[in-house]
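**Student:** With the hints as constraints, model all of the structure from the sequences given.
Given next are the chains, with one letter for each unit.
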Amino acid sequence: MNEQAKITARNVSVFYGANRAIDDVSIDIDRDNVTAFIGPSGCGKSTFLRALNRMNDTVANARVTGEIRLDGEDIYAPEMDVVQLRARVGMVFQKPNPFPKSIYENVAYGPRIHGLAAGKSQLDAIVERSLRRAGLWDEVKDRLADSGTTLSGGQQQRLCIARAIAVDPEVILMDEPCSALDPVATARIEELIHELKGRYAIVIVTHNMQQAARVSQCTAFFHLGALIEYGSTSDIFTNPREPRTRDYITGRYG
Amino acid sequence: MATGHEHTVKAFDDDIAQLRALISQMGGLAEQAIANAILALQRDDAELATVVREADRAIDAIEAEAERLAVRIIALRAPMANDLREVVAALKIAGVIERIGDYAKNIAKRVPLIVSETRIDPISTLPAMARMAREMVHQALDAFAARDAEAAVRVCESDRALDDYYDSIFRTLLTHMIENPTTISQVAHLMFVAKNLERIGDHATNVAEMVYFAATGIKLTDRGANAA
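Listed in order, the protein sequences are those of chains A and B. If you read the first sequence in our numbering, its first letter stands for residue 272, the second for the next number, and so on. If you read the second sequence in our numbering, its first letter stands for residue 39, the second for the next number, and so on.
If you are wondering where the hints come from, they were derived from the structure by calculation, not from laboratory data. Watch out, some of these pointers could steer you wrong.
SDA-like, lysine to any residue: derived pairs with alpha carbons at most 20 Å apart [what the hints assert, rightly or not]: (1) B/K48 x A/M480; (2) B/K257 x A/R512; (3) B/K147 x B/R81; (4) B/K257 x A/E513; (5) B/K257 x B/R185; (6) B/K48 x A/G522; (7) A/K372 x A/K412; (8) A/K366 x A/T457; (9) B/K48 x B/R58; (10) B/K130 x A/N510; (11) B/K48 x A/K412; (12) B/K257 x A/T509; (13) B/K130 x A/T509; (14) B/K48 x A/R515; (15) B/K257 x A/S505; (16) B/K257 x A/N510; (17) B/K257 x A/S503; (18) B/K257 x A/M480.
Source: prediction; values computed, not measured.
**Tutor:** And the structure:
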């Protein structure tokens, strides 16, 4: 097994009813790098991302075949605790979705239910550390009791990242985390991804080619449910091997 | 590397086509400048030498235009993969062709310096070398126009023959100087002309290397290393 692989997927297919959204994908996700999933709408990249922490379990009719292992552990095994899995493999969504609670509670909620803090002072420390890592602390430290929904879009997204970080995950999945943000807020998230790299394995789905090129070290190109090409971001964007990859990233697709 | 179909944003194709047209136009002027410079030398034609110098200004102007366009494409279109390689290659090729134009101009500048006395015999060996150098430039530009990596390799391989020709002319001129010391100042200029032609061949090789890189994504100099 590849030592660098945090997640290994083998022959993974995902079905929605009779419709096959992901077709026999095998991939190793590197533990120290940021991996970008790119591809046209409907190519299956988000579906595959959601298979990595079993978010598809919540979708009726969704079925996953093949094998996905997190540090060698089969995440679809019957004994796998899905709540625990989602703490280990956190997720940040396209639209910032803070809980309608205080900024503090948004971050404290996860550690509390997972029993990660022994008392109030430990919980305070986790909240501060998570907000600092998410690059939000200085902006919110004097208003931790305010509702998370009072923040700007970019701040809300960083709050969601702080919330994901708070439970000390091993992997962070990001599904188009900047698509609802302005360029400055986007740049802050990208900078944050850069800072978090190495501490967590990060997988990001993005429609923005430049963003994929900027933030990731590995890039996977999906098309019609298949993994077409996977390699170093530098190779994919300067000299892709597959004509379909080339046509997509150069703007010739379809 | 022709992909067989167009960008979704058609204006992108127009920009790249325009950049390629500028390179071809520059290359044509540079080829013509080499031919005219040698003809001026042969015929002792000061007027034609002036034409070469003026053509060099035109080449410089097109280079500046190509550079502006390439920078604009990079800024506005953010080209990727083969598109990016092509724009970067075009930018560098424009600079190299500008240098080729400079060498042609340098040859033309020597025309008035060699006219004074009786024409010297060794001058007759230069047109054939000039034809070779010009042919290399022509082939390199054809390879660029066709995005033809194999044609680019052939251009690089032909540089050896031009280098050999240069060595042979060098020895001929040296012998001539030893035997006719009164012609030394004249023949020294011819040596520089031969050297300029040899350098033009090197630059044509550079163009071909960039054509190869744009088409394949592999440095031509790395290709041998990988094969070995």
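**Student:** Does each hint fit the structure? Answer for all of them.
**Tutor:** Hint by hint, here is what the structure shows:
The straight-line distance between the Cα atoms of B/K48 and A/M480 is roughly 19 Å, inside the 20 Å bound, and the hint therefore holds. Restraint check for B/K257 and A/R512: the C-alpha separation of about 15 Å stays at or below 20 Å, so the hint holds. About 14 Å separates the Cα atoms of B/K147 and B/R81, which keeps this hinted pair within 20 Å; it holds. At roughly 19 Å between alpha-carbon atoms, B/K257 and A/E513 fall within 20 Å of each other, so this suggested pair holds.
The hinted pair formed by B/K257 and B/R185 meets the criterion: a straight-line CA distance of about 15 Å does not exceed 20 Å. In summary, the hint linking B/K48 to A/G522 is supported, as the alpha carbons are separated by about 10 Å, within the 20 Å threshold. This hinted pair checks out: A/K372 and A/K412 have alpha carbons roughly 16 Å apart, not beyond 20 Å. Of the pairs offered as hints, the one joining A/K366 and A/T457 holds, with about 13 Å between alpha carbons and a cut-off of 20 Å not exceeded.
Only pairs whose Cα atoms come within 20 Å are accepted, and B/K48 paired with B/R58 is accepted, the gap being roughly 16 Å. About 18 Å separates the Cα atoms of B/K130 and A/N510, which keeps this hinted pair within 20 Å; it holds. Proximity of B/K48 to A/K412 is assessed by CA-CA distance (about 50 Å); at most 20 Å being required, the pair is judged violated. Taken as a hint, the B/K257 and A/T509 pair is honoured in the structure, with Cα atoms around 13 Å apart against an allowance of 20 Å.
Proposed proximity of B/K130 and A/T509 is supported: the alpha carbons are some 17 Å apart, at most 20 Å. For the suggested pair B/K48 and A/R515, the alpha carbons sit about 19 Å apart, so the restraint of at most 20 Å is met. Restraint check for B/K257 and A/S505: satisfied, since their Cα atoms lie roughly 15 Å apart, inside the 20 Å limit. Under the criterion of a C-alpha separation no larger than 20 Å, the hint pairing B/K257 with A/N510 is consistent with the structure, at around 12 Å.
With a C-alpha separation of about 18 Å, the suggested pair B/K257 and A/S503 falls inside the 20 Å cut-off, and the hint holds. A C-alpha spacing of about 25 Å is found between B/K257 and A/M480, which places the hinted pair above 20 Å, so the restraint is violated.
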